[in-house]
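Q: The primary structure of each chain is shown beneath.
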Amino acid sequence: MNGQVAVTGLGLLTPIGRTAEAHWSSVLAGRHGFSELTRFDSAGYPARLAGQVTGFDAAAHLPGRLLAQTDVSTRFALVAAEAALADAGLDTLLAEGGVDDYDVGVITSNATGGFEFTHREFRKLWSEGPKSVSVYESFAWFYAVNTGQISIRHGLRGPGRVVVGEQAGGLDAIGTARSTVRDGTRFVVTGGVDSSFDPWGWVSHLSSGRISHADDPERAYLPFDSAANGYVPGEGGAILVLEDPASARERGIPVHGRITGYAATFDPPPGSDRPGKLGLAAELALADAGLDPADVDVVFADGAGLADLDRAEAAAIVALFGERGVPVTVPKTLTGRLYAGGGPVDVATALLALRDGVIPPTAHISSVPGHYGIDLVTGGSRPARLASALVLARGRHGFNAAVVVQR
Amino acid sequence: MTGEQLLTILADCSGNRDLTDPGTDALHRTFEELGLDSLAVMESATRVEREFGVALPDERIVDLAGPAALLAEINSLAEHA
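Protein chains in written order, with the working numbering: chain A, 1 to 407; chain B, 408 to 488.
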């Protein structure tokens with residue numbers, strides 16, 4: 001089918017695993033990645049739990065030249081991209097000149113920019129003056145930097161784009177990458193990565209009013225639970241390689257699955273009587289994939305972890321699939337919400353779930369209000385025959401996105 | 408300013424530690440050969456200004472081939488300051 005694009009590379013870096021397989025084993029084992037912030041002294045802050053990537057040694061992966069000019073979020077993105085390229089065999093193909101460098105694009109999403117780097121440079125600006133600010137601040141801070149650095153490092157000269165849609169943006173990047181492959185670019189490196197765990201970044205999370213103040217890691221992020229009390233921010237994300245399916249077939253490379261549908265919608269303004277548009281995004285993505293709701297085997301929900309947003313998402317799912325009409329899961333209960341990284345990690349996790357025929361559970365949930373009407377997978381993994389998954393994401397201020405993945 | 412001082416600044420600012428390795432003979436190679444883009448040189452020039460009080464105009468930097476030319480420019484500016 002014309003709309004199908006193959007996923008041939010996965011690169012993950014999350015609070016529960018520094019590779020795709022390590023992440024997936026943690027998901028199945030129910031290992032969460034929450035702990036008190038260690039990046040700065042968080043005593044005195046009302047919320048202190050975060051999903052942090054641990055044991056990551058940037059210098060082991062990246063040359064000094066890149067360390068001097070990159071924020072931690074870009075370092076994560078570069079390492080995830082390198083893993084995705086290797087997984088797809090694209091690094092070898094590029095080295096051998098087996099692909100035109102204009103035939104490989106990069107389309108990523110980022111929600112918070114290079115906060116830690118910027119915080120450090122701003123501190124210099126205030127205390128030492130403008131001459132002390134690093135020239136690299138000119139690009140290290142901004143949303144486009146991951147696309148730029150990945151493209152420069154690997155010499156990828158195809159379409160380069162950046163999509164910003166808060167926590168929905170990662171799915172928008174994948175959707176845009178899919179269109180780009182359909183339009184004739186052979187490969188697109190895509191996904192999203194974020195990290196903003198410096199004091200400035202942390203305060204920006206807190207200002208949303210959506211962050212959990214709980215100090216028990218197993219009671220802090222409880223989407224769809226009657227005790228939902230906010231979410232835990234996490235860091236990291238996923239980079240994927242999307243490829244023209246004919247190219248993947250020709251190369252004989254294993255395919256993780258296919259991206260077959262995508263849609264994005266925007267909510268009405270605050271205070272409007274009109275309902276949110278998450279359900280419409282889901283519906284349009286299914287139509288784009290040529291699937292009926294009955295064809296969907298599992299939904300990876302956004303899982304905001306706030307009662308009103310959970311209720312709205314449950315209602316959208318029930319409206320489309322019927323009461324308890326499809327298994328729903330939120331594996332990000334183990335990583336926290338990764339901003340632009342969240343959607344791509346869910347897409348990668350969904351692909352691994354389809355591969356292994358198992359729906360990973362929503363961790364730490366004990367009591368889902370009956371009136372939500374959803375079949376939330378909790379407790380342990382649920383074996384199932386899985387051919388397709390719908391992945392949902394919402395970003396603050398009205399962004400909704402949905403992606404359909406199939407085997 | 409000595410060549411060694413300049414190379415240390417270039418190494419710090421660019422993250423390229425090889426620059427201070429005597430075997431590299433970095434002083435007499437071009438910025439391009441050393442993998443130093445114009446931003447890395449600009450970053451180093453602001454550090455020179457902070458530490459040595461010699462202000463190098465950005466538009467001069469693009470004309471300089473390598474560390475030796477940069478060093479000569481800095482020392483000449485210092486002399487005429």
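Keep in mind that a hint or two might mislead.
[Claimed, not checked] Just a few of them, taken from the derived set where beta-carbon distance is under 10 angstroms, the chain B residues facing chain A:
| # | residue |
| --- | --- |
| 1 | 415 |
| 2 | 420 |
| 3 | 423 |
| 4 | 425 |
| 5 | 428 |
| 6 | 429 |
| 7 | 430 |
| 8 | 443 |
| 9 | 456 |
| 10 | 464 |
| 11 | 466 |
| 12 | 467 |
| 13 | 471 |
[To be verified] Residues of chain B clear of chain A, computed beta-carbon distances all greater than 10 angstroms:
| # | residue |
| --- | --- |
| 14 | 421 |
| 15 | 447 |
| 16 | 449 |
| 17 | 453 |
[Stated by the list, open to error] Pair ranges (Cβ atoms, derived):
| # | chain 1 | residue 1 | chain 2 | residue 2 | range |
| --- | --- | --- | --- | --- | --- |
| 18 | B | 456 | A | 216 | 32 to 40 angstroms |
| 19 | A | 275 | B | 465 | 29 to 37 angstroms |
| 20 | B | 460 | A | 124 | 14 to 22 angstroms |
| 21 | B | 445 | A | 203 | 19 to 27 angstroms |
| 22 | B | 445 | A | 101 | 21 to 29 angstroms |
None of these hints come from the bench; they were simulated from the model. We treat Cβ as the ideally placed atom computed from N, Cα and C, and that holds for glycine.
Q: Hey, does residue 453 of chain B actually stay past 10 angstroms from chain A on C-beta?
A: violated (6 angstroms)
Q: Mind checking the CB of residue 425 of chain B against every CB in chain A and telling me if the closest is under 10 angstroms?
A: Holds. Min distance 9 angstroms.
Q: Does the CB of residue 471 of chain B sit less than 10 angstroms away from some CB of chain A?
A: Constraint on residue 471 of chain B not satisfied, violated at 16 angstroms.
Q: Going by Cβ atoms only, is residue 466 of chain B closer than 10 angstroms to chain A?
A: At 15 angstroms from the nearest chain A Cβ, residue 466 of chain B fails the 10 angstroms test, so the hint is violated.
Q: Would the hint on residue 456 of chain B be counted as holding, given a Cβ-Cβ threshold of 10 angstroms to chain A?
A: Holds. Min distance 6 angstroms.
Q: Check the non-interface label on residue 447 of chain B: least C-beta distance to chain A beyond 10 angstroms or not.
A: Non-interface label fails for residue 447 of chain B: nearest chain A Cβ at 8 angstroms, not farther than 10 angstroms.
Q: Closer than 10 angstroms between Cβ atoms is the bar; does residue 428 of chain B clear it against chain A? Give me holds or violated.
A: Check failed: Cβ of residue 428 of chain B comes no nearer than 12 angstroms to chain A, outside 10 angstroms.
Q: Does the closest beta carbon of chain A sit nearer than 10 angstroms to the beta carbon of residue 430 of chain B?
A: At 17 angstroms from the nearest chain A Cβ, residue 430 of chain B fails the 10 angstroms test, so the hint is violated.
Q: Given the hint of 14 to 22 angstroms, check if residue 460 of chain B and residue 124 of chain A actually sit that far apart at their C-beta atoms.
A: holds (19 angstroms)
Q: CB of residue 445 of chain B to CB of residue 101 of chain A, is that within 21 to 29 angstroms?
A: holds (23 angstroms)
Q: Assuming the hint says 29 to 37 angstroms, is it satisfied by the Cβ distance from residue 275 of chain A to residue 465 of chain B or not?
A: About 54 angstroms separates the Cβ atoms of residue 275 of chain A and residue 465 of chain B, which means 29 to 37 angstroms is violated.
Q: Next item in the hint list is residue 467 of chain B. Is there a CB on chain A closer than 10 angstroms to its CB?
A: violated (16 angstroms)
In the structure shown, a violation is registered for the earlier hints numbered 1, 5, 6, 7, 10, 11, 12, 13, 14, 15, 16, 17, 18, 19 and 21, in ascending order.
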